[in-house]
Structures are given as C-alpha cells and as structure tokens.
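Novice: Chains A and B, in that order, are what the protein sequence lines are. Our numbering puts the first sequence at residues 1 to 309. Our numbering puts the second sequence at residues 310 to 822.
Think of the hints as simulated: they come from the structure by calculation, not from any bench. Some clues are possibly wrong.
As the list claims (entries may be wrong) - Some chain B residues near chain A, calculated using beta-carbon distances under 8 Å:
{"hint": "1", "residue": "I397"}
{"hint": "2", "residue": "L399"}
{"hint": "3", "residue": "M403"}
{"hint": "4", "residue": "H405"}
{"hint": "5", "residue": "K409"}
{"hint": "6", "residue": "H414"}
{"hint": "7", "residue": "F431"}
{"hint": "8", "residue": "S436"}
{"hint": "9", "residue": "P681"}
{"hint": "10", "residue": "P682"}
{"hint": "11", "residue": "S684"}
{"hint": "12", "residue": "F687"}
Said to hold, decoys possible - Every beta carbon over 12 Å from chain B, so not counted as near; a handful from chain A, in silico:
{"hint": "13", "residue": "L74"}
{"hint": "14", "residue": "L100"}
{"hint": "15", "residue": "S172"}
{"hint": "16", "residue": "L183"}
{"hint": "17", "residue": "I185"}
{"hint": "18", "residue": "V295"}
Stated by the list, open to error - With a cut-off of at most 20 Å between alpha-carbon atoms, the simulated SDA-like pairs for lysine to any residue come out as follows:
{"hint": "19", "chain 1": "B", "residue 1": "K700", "chain 2": "B", "residue 2": "F687"}
{"hint": "20", "chain 1": "B", "residue 1": "K534", "chain 2": "B", "residue 2": "R394"}
{"hint": "21", "chain 1": "B", "residue 1": "K534", "chain 2": "B", "residue 2": "G379"}
{"hint": "22", "chain 1": "A", "residue 1": "K189", "chain 2": "B", "residue 2": "G400"}
{"hint": "23", "chain 1": "B", "residue 1": "K320", "chain 2": "B", "residue 2": "R394"}
{"hint": "24", "chain 1": "B", "residue 1": "K793", "chain 2": "B", "residue 2": "Q578"}
{"hint": "25", "chain 1": "A", "residue 1": "K163", "chain 2": "B", "residue 2": "D484"}
{"hint": "26", "chain 1": "A", "residue 1": "K189", "chain 2": "B", "residue 2": "T330"}
{"hint": "27", "chain 1": "B", "residue 1": "K615", "chain 2": "B", "residue 2": "K637"}
{"hint": "28", "chain 1": "A", "residue 1": "K189", "chain 2": "B", "residue 2": "L424"}
{"hint": "29", "chain 1": "B", "residue 1": "K450", "chain 2": "B", "residue 2": "K389"}
{"hint": "30", "chain 1": "A", "residue 1": "K163", "chain 2": "B", "residue 2": "D777"}
{"hint": "31", "chain 1": "B", "residue 1": "K534", "chain 2": "B", "residue 2": "E666"}
{"hint": "32", "chain 1": "B", "residue 1": "K435", "chain 2": "A", "residue 2": "T164"}
{"hint": "33", "chain 1": "B", "residue 1": "K477", "chain 2": "A", "residue 2": "T107"}
{"hint": "34", "chain 1": "B", "residue 1": "K738", "chain 2": "B", "residue 2": "R717"}
{"hint": "35", "chain 1": "A", "residue 1": "K141", "chain 2": "A", "residue 2": "K301"}
{"hint": "36", "chain 1": "A", "residue 1": "K301", "chain 2": "B", "residue 2": "R717"}
{"hint": "37", "chain 1": "A", "residue 1": "K163", "chain 2": "B", "residue 2": "N660"}
{"hint": "38", "chain 1": "B", "residue 1": "K349", "chain 2": "B", "residue 2": "K523"}
{"hint": "39", "chain 1": "B", "residue 1": "K736", "chain 2": "B", "residue 2": "K615"}
{"hint": "40", "chain 1": "A", "residue 1": "K301", "chain 2": "B", "residue 2": "N660"}
Built from N, CA and C at the ideal position, the CB exists for glycine as well.
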Amino acid sequence: MVLELILGTLNRALAYGTPLLLATLGEIYVERAGVLNLGIEGMMMIGAFSSFVVAYATSNPWLGIVVGAIVGGLFSLIHAFSSITLRANQTVSGLALTMLGTGIAETLGRSWEGKVLTSPIKSFSGDFLSSLPGGLDLLFKDSNLLVVVSIILALVMWFFLFKTKPGLFLRSCGENPSACDALGINVWKVRYLAVLWGGIMAGLGGAYISIAYRPTWSSGMTQGMGWLAVALTIFSFWNPIYAPLGAYLFGALFHLAFRLQVFVAPEFLNSLPYLFPVIALVFVSRLAFRKKIGVPGSLGKPYERGKSG
Amino acid sequence: MLDAENSWEQKPVEVAFRSITKRFPPDILANDRVSFEVKKGTVHALLGENGAGKTTLMNIFYGLFSPDGGEIIIQGKPVKISSPREAINLGIGMVHQHFKLIPTHTVAENIILGLMSTSFFFPAEKSEAEIRALSEKYGLKVDPRARVWQLSAGEKQKVEILKALYRKASILILDEPTSVLTPQEAEELFATLRAMKEEGKTCIFITHKLNEVKEIADAVTVMRKGRVVSTILPSQVSLEELARMTVGKEVVSVVPRKTLSNRIVLQLQDVSAMGDRDFPALLNLSLSVREGEIVGVAGIAGNGQKELAEVIVGLREVTGGRIFLEDKEITNLLPRDIASLGVAYIPEERNLGLVGEMSVAENLLLRGYYQPPFSQGFWVDWEKAEAYSEKLISHYQINPPLSDIPVRLLSGGNRQRVIIARELEQKPKLVVASNPTAGLDVSGVEAIHKLLIQAQEKGAGILLISGDLDELLKLSNRIVIMFKGEIVGEKEKEHWTEEDRREIGLGMGGVKG
C-alpha cells in the first residue's frame with residue numbers, strides 16, 4: 001500500500017517533472033557554454049504553442065513535437081544573436097525573450113484557446129506495462145516515450161559533457177572563453193550551438209506539456225516552469241546527471257500540492273513548488289558560489305576578442 | 310664578445326617582422342613600422358615599457374590582432390596569420406601574461422583543449438602518457454590529473470609551456486613570464502628555455518626587466534612608443550644603456566628613508582582568518598609595523614597576503630587573535646571606522662579601489678564624502694569637492710588633469726594615482742599597500758614608490774605586500790616572508806644583498822631560512 005503510494009507519487013513526479021527536466025538539461029548546456037538564457041519560459045511557450053497547432057492541424061503528435069523543438073531552437077537564436085554577436089546584456093535579452101515568447105504564443109493562440117487535442121501522444125500500452133517487472137508498471141503507467149527519452153538524454157548529455165572532446169570544449173567556453181579563443185576554438189560557434197540546443201530542449205519541454213501532459217491549449221500553460229528550470233540548473237550544479245533528481249522532486253511537489261488540498265490550504269500548497277526553489281537555492285547557491293562547484297567561470301559574460309577576462 | 314656576435318649572426322633567420330604597423334582607434338599608433346629578425350634556436354628578448362607595443366606585436370604574430378600594414382616572414386615565407394589556430398598550425402605557441410588556463414579543469418584537459426586530433430571519447434585520459442613524456446624531456450614537472458586551481462603560479466606556467474610544446478610549437482612567445490615567479494622558479498624556467506634552444510626551438514621573451522635580458526637573451530630588441538629603438542646583443546651593452554634605451558631618459562631611483570622610531574603603529578597578535586574557499590588563510594600570524602617604517606611582505610601570491618591586507622582594513626573577519634592600531638584595538642571593526650582611525654588601503658585589484666563609471670572627482674571623494682567640508686547634512690558640496698579634486702589632480706600629477714571624466718578611461722598608472730591620492734590625503738598612520746605597482750611601467754613604478762616614501766617620511770607605517778621581490782628589496786626597511794598563511798622568516802637590513810635575495814626567494818618557496 002505504502003509502496004503503491006510512493007510509486008504513484010513517483011509516477012506523477014515523472015509526468016510533471018519531464019518538461020522541467022528537458023528545459024533544465026538544455027539550460028545546463030547553455031550556461032556551461034557561458035551564456036545565461038532567462039528566456040526558457042518564452043521558448044517553452046513558443047514550443048508548446050507551435051507543436052499544439054501542428055499536432056492539431058495534422059493529427060500527428062510526433063510531427064508536433066518535432067516542430068515544437070525546431071521552433072524553440074529557432075526562437076532561441078534571437079537570444080544567441082543579441083547576447084553572443086551583439087554582446088548585449090544577457091539578463092535583459094533573456095527576459096525580453098520570455099516576454100516575447102509568452103506574448104506571441106498567447107496572442108496567436110487566442111483562437112485555439114481551450115481546444116483539445118484529439119490525437120495526443122499515446123501512453124505506454126497495457127501489454128507493454130504488464131511485461132515490465134514488479135512495480136515498474138505502476139511507475140510508468142500513463143507515461144510515454146518522451147519521459148524515457150528525457151531520462152536517457154540526461155545520461156547521454158552527462159557523458160558527452162564530461163567524457164568527450166566536444167564536451168570539454170563546451171565546458172571550457174563557459175569557463176574561460178579567451179583561453180579557448182587563443183587555442184583556436186571558435187567560441188562563437190560553440191556558444192551559438194549551445195544556445196540553439198537549449199532552445200530545442202525548451203521547445204521540446206513545451207511540446208511535451210501541450211501534446212502529452214495536458215493535450216490542450218490554454219495561455220499560460222507552462223505555469224512558470226521555465227523559471228523553475230533556471231533554478232533547477234543551479235540546483236543540479238550545472239551537471240546533467242543531477243537534473244532528473246531536481247526535476248522529479250519538483251514534479252512530486254506539484255503532485256503533492258494537488259493531493260494534499262484536502263488537508264492544507266491550497267493557496268499554500270500551490271505556492272510550494274515555487275517557494276521551495278527559493279529556499280533550496282539560497283543554500284545551494286551559497287555552496288556553489290563559495291566552493292565554486294559547477295558554476296561556470298564566465299557565466300553571463302559576453303566574450304569579445306582582445307578584452308581580458 | 311665577437312664570438313657571441315658571430316654565432317648569432319650566422320644562425321638562420323626564423324622570423325622576420327617587416328614594417329608591422331597597427332593603429333587603435335581613435336589615433337593610437339601601437340606599432341609603427343616595426344622591423345626586426347629573430348634567429349633560429351635563440352632566445353630573443355623584446356624589451357620595453359608598458360605601452361611600448363610589445364604585447365600588441367606578439368598578439369599580431371599570434372593572430373589575435375590583424376596588422377594595418379607590414380608582413381611577417383617565417384623561414385623565408387611570408388605568412389598571413391588571421392587567427393590563433395593558424396598561428397598554432399605554423400608552430401607558434403604563446404604563454405600569455407595572464408594565464409589562459411581553466412582553473413576547474415585538470416592539467417591534461419587544459420593541455421589538449423582545442424586540439425582536433427585528440428580522441429573523441431575520454432580525450433584527457435588518453436593523452437596523459439604523451440604529456441608525461443614531454444614534462445620529463447623539458448623538466449616541466451606537473452601531474453596531468455591535478456586541477457589547475459590547485460597549482461602554484463610557476464606550475465601553471467609549466468602547463469602553459471607544455472600546452473605549446475604538445476602542439477609541436479617551434480616558436481614560443483613568453484609574455485613577461487617571470488613576473489609571477491620566485492627567483493628559483495625563474496631559474497627553472499630559464500633551464501627549460503635553454504633545453505628548448507638545444508632542440509632548435511626559438512623563444513621570444515617579452516620583458517621589462519633588464520637583468521633578465523642580460524641573463525637569458527641571445528639578442529634583444531628594444532621598443533619604445535610603438536617603434537623599434539634597436540636590436541642588439543645584450544653582451545654588448547650595459548644595464549644603464551639598456552635602461553636609457555627603454556625609457557628614453559635617465560631613470561632616477563628613489564631611496565627610502567632609513568631612520569626609524571620605535572613607536573609601533575600596527576600590531577597583529579596571533580591573527581587567524583579563513584580564505585574565500587573556507588580554507589584557513591591566516592594561521593596565528595603576528596606582525597608589527599613601526600612609525601615611519603616600510604615592512605615588506607614577500608611571498609608567492611596566494612599564501613595569505615590578500616587576506617592579511619583584508620583583515621587589517623576590516624574587509625575580512627578575524628576568527629582568532631587581535632589587531633591593534635597604536636593602542637586601540639581594531640579587530641573586526643567596520644572598514645569605515647578603521648579607515649577613519651588612520652588606515653589607508655591600496656588594494657591589489659584597482660577595480661576594488663575605484664568605481665570605473667564614476668568621475669575622478671567622485672572617486673577622490675569616496676573616503677570623505679560623508680564628512681565636512683564636503684558633506685552638508687544631506688547634501689554634498691560639489692563646489693568644494695571639485696576644488697579638492699583639482700588640487701589633488703595637480704599635486705599627484707594625474708593625467709589627463711580632468712576631474713569629470715570616468716575613472717575607467719585613465720591608464721593603469723593614473724588610476725593607481727587616484728587611489729593613492731585619495732588614501733594618502735587622509736593623513737594615514739598606516740598604509741596597507743597590496744602590489745601597488747603591479748602592471749605599471751618603469752616611470753609609473755618610480756612615481757608610486759616616490760609617493761610611498763613621502764608617506765613614510767611623514768611618519769606613516771607602511772605594510773607593503775608585493776610579489777615583486779626587487780620592489781621589496783628596494784623599499785623595505787624590514788621584510789617578512791609569508792608562506793601558507795604564516796610568517797616563516799623575517800629580516801631587517803640597511804642594505805639588501807644578493808645573498809638576502811636568494812634567502813628570501815627560498816623562504817617564499819617554503820624553505821625555512
């Protein structure tokens with residue numbers, strides 16, 4: 001009974017946590033390359049909206065997912081251009097991206113408001129679930145392929161970042177771009193690719209929300225998840241391997257906020273997933289910045305050749 | 310003499326610079342038709358003051374800047390170098406003055422960074438054997454698995470050289486390589502350079518230290534204000550001649566006052582403090598400074614000198630022990646209270662002492678703005694402030710003499726004058742100066758030294774923390790050596806000798822004298 005409760009909570013944590021995980025994984029790469037992108041919320045909204053529209057029109061959810069990822073990626077290039085090429089203030093540029101993304105999605109999305117997707121992504125079939133060994137069927141009930149893909153992505157992205165040559169280049173550009181430049185690494189290219197990847201992942205996260213998690217369109221449906229992803233990036237010490245822990249923890253909090261409404265004031269519960277990161281971040285960032293765990297040395301600093309630092 | 314000349318003359322030319330010209334907007338001519346030749350298998354010094362154009366020229370050679378005119382010829386072939394990658398492919402390696410290393414990465418990761426030829430998976434692990442072989446061959450001992458932030462400055466430099474050698478560099482540029490080294494580490498570096506010469510490799514050695522030119526260079530090109538003054542063999546000129554060629558006029562050195570009083574201005578009793586990374590940075594350190602005395606603190610950067618300065622001026626918490634200014638205890642008082650008791654602070658990083666976007670006048674006012682005559686209750690009397698600033702600018706010869714321009718537009722030497730003007734005008738009893746001349750050229754250094762000695766003559770005790778042992782030997786009445794947060798040696802002298810220098814150098818490296 002207790003096991004079932006735990007598995008049930010975990011099951012919902014997976015469902016809620018997956019878009020957070022996707023967006024966080026993307027942002028980890030962006031920040032590892034030295035760029036701060038606060039536009040995740042906007043990219044997720046744009047991804048959610050474009051994928052919903054495509055899936056709605058074509059009745060093909062997978063096409064919607066792909067389009068959401070592509071649009072998210074393209075959209076992130078605005079931030080790449082302003083912060084890498086024009087060397088604009090990254091905080092301002094990222095915030096602008098969020099406003100722009102949510103604004104566009106909500107304006108264009110008016111005529112789809114409340115529409116329901118008739119062909120969402122299919123959850124795992126009963127046959128598949130019953131073939132899983134004990135308990136796992138409960139864990140993955142109502143889950144879908146994207147959930148599993150995001151977990152695999154966390155592992156692959158961890159391996160790529162820490163055990164391969166391009167991963168080393170990526171981390172180095174976020175630590176000391178002028179050193180990389182002096183060694184012939186194209187810092188601009190690496191950073192553009194990282195931001196692009198971050199956009200694709202955020203777009204994918206958004207697509208998951210509107211196509212798999214809640215197959216409908218309503219404005220503001222990302223519920224600030226993009227901001228949580230910014231927090232989760234720090235929470236996971238900029239390491240993809242820790243990202244699932246954080247994402248599912250927040251996922252569980254979302255679920256518990258829903259479940260415990262009977263006992264505790266819902267206003268308080270609903271604020272938990274947002275309150276918790278504030279508290280966690282105070283501790284984690286203190287640790288991270290004092291001991292320099294993970295925090296990329298040149299995070300948020302535009303790189304210009306010939307300028308020191 | 311003739312032998313030296315002959316053997317240098319007969320060597321083949323490795324690199325020739327022909328009329329290299331580089332302008333920076335609006336109208337700074339950083340390199341003006343610079344031409345000279347570097348011979349294969351030699352150490353070629355590039356000597357000049359800051360702003361002489363040495364680093365600009367080497368940045369052009371390394372593909373970081375593109376020249377506005379002239380050409381570079383390597384082994385008889387004109388080359389276009391438009392990026393560091395092309396420079397590397399041409400066999401050029403550069404050890405920058407500020408290390409281009411990534412502190413959180415391992416030594417091996419730093420060395421292979423940017424190399425396309427390394428393997429895709431586990432690149433660092435797979436290159437360790439080759440790195441070990443190279444360090445063996447050139448006497449550059451470092452552990453490939455160590456994290457760079459754990460290394461000393463000397464070791465970091467070894468990593469930089471290994472990085473170049475790993476890329477099969479045949480021409481190595483070193484930008485002021487000894488500025489961060491102890492005398493012993495500098496000797497090791499010279500040994501490595503000699504080993505590289507044996508291999509037929511060529512080194513271009515940027516420096517403004519004359520004695521180094523004498524010691525290691527086979528030929529020297531002196532630059533001044535963007536132009537080549539001359540290319541000569543060091544054996545054929547005296548140090549004085551070299552100095553004159555570099556500066557363009559006679560350099561008059563100041564001499565500190567030697568008479569001392571016995572009144573103690575600053576007293577530290579068993580002071581302990583933590584560093585930024587929660588490691589103990591100061592361990593039961595005791596120290597005193599007398600009235601009118603310059604106490605030099607020698608040591609390799611990172612042995613607690615920064616923390617020492619910060620606990621005295623109140624910027625870092627003292628976790629044990631007590632600090633006295635004359636007979637008043639100042640342990641853990643607020644920085645402003647300590648300053649108002651008569652402690653001046655010239656911080657290590659100029660950005661800490663100035664607000665770049667604010668004007669010279671405003672920066673000069675940062676200590677006294679809240680007190681009369683500048684403060685009138687809620688308001689600042691800008692007319693008085695302006696007049697005060699004009700007075701200091703002329704007295705301390707801050708150039709350009711404008712009080713309303715943002716301080717970031719000033720050169721390093723003039724920014725330092727702004728700090729010193731502000732601090733010394735408070736008539737301090739104690740001056741804490743942390744590397745006050747770092748990055749300044751010969752005339753800038755002399756000017757700062759003069760100001761410090763003036764403060765000393767007015768009776769201030771001066772705690773001079775410096776990584777430059779020559780500076781300490783020139784100014785100090787007494788020198789203490791710091792190593793791992795402790796004072797490991799102390800000497801008081803009228804005149805410092807070569808023997809003292811050697812002994813202090815050893816102490817800085819942790820060998821107790």
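Novice: Hint P682(B) vs chain A: min CB-CB distance below 8 Å?
Specialist: 39 Å, violated
Novice: With a cut-off of 8 Å on the beta carbons, see whether H414(B) makes it to chain A.
Specialist: Because about 7 Å separates H414(B) from the closest Cβ in chain A, which is inside the 8 Å limit, the hint holds.
Novice: Just checking, I185(A) versus chain B, shortest CB gap more than 12 Å?
Specialist: 5 Å, violated
Novice: Given the hinted pair K435(B) and T164(A), is their Cα-Cα distance within 20 Å?
Specialist: 11 Å, holds
Novice: Non-interface claim for S172(A): all C-beta distances to chain B beyond 12 Å?
Specialist: Violated, because the least Cβ-Cβ distance between S172(A) and chain B comes to about 5 Å, which does not exceed 12 Å.
Novice: K477(B) and T107(A) were given as a pair; does the straight-line alpha-carbon distance stay at or below 20 Å?
Specialist: 59 Å, violated
Novice: Below or equal to 20 Å on CA atoms is what counts here, so check K534(B) against R394(B).
Specialist: Violated, because 29 Å separates the two Cα atoms, which is more than 20 Å.
Novice: Are K163(A) and N660(B) close enough, with their CA atoms no more than 20 Å apart?
Specialist: With Cα atoms ~38 Å apart, K163(A) and N660(B) exceed 20 Å; violated.
Novice: Would you check whether K409(B) satisfies its interface hint, that is, whether its CB is within less than 8 Å of any CB in chain A?
Specialist: 3 Å, holds
Novice: Given the hinted pair K189(A) and L424(B), is their Cα-Cα distance within 20 Å?
Specialist: 16 Å, holds
Novice: Double-check S436(B) for me: the hint is only fine if its C-beta lies closer than 8 Å to a C-beta in chain A.
Specialist: 10 Å, violated
Novice: Would you settle whether the hint for L399(B) is holds or violated, based on the nearest Cβ-Cβ distance to chain A being less than 8 Å?
Specialist: 12 Å, violated
Figure legend: structure checked against the earlier numbered hints; hints not met, in rising order: 2, 8, 9, 10, 11, 12, 15, 16, 17, 18, 19, 20, 22, 23, 25, 26, 27, 29, 30, 31, 33, 34, 35, 37 and 39.
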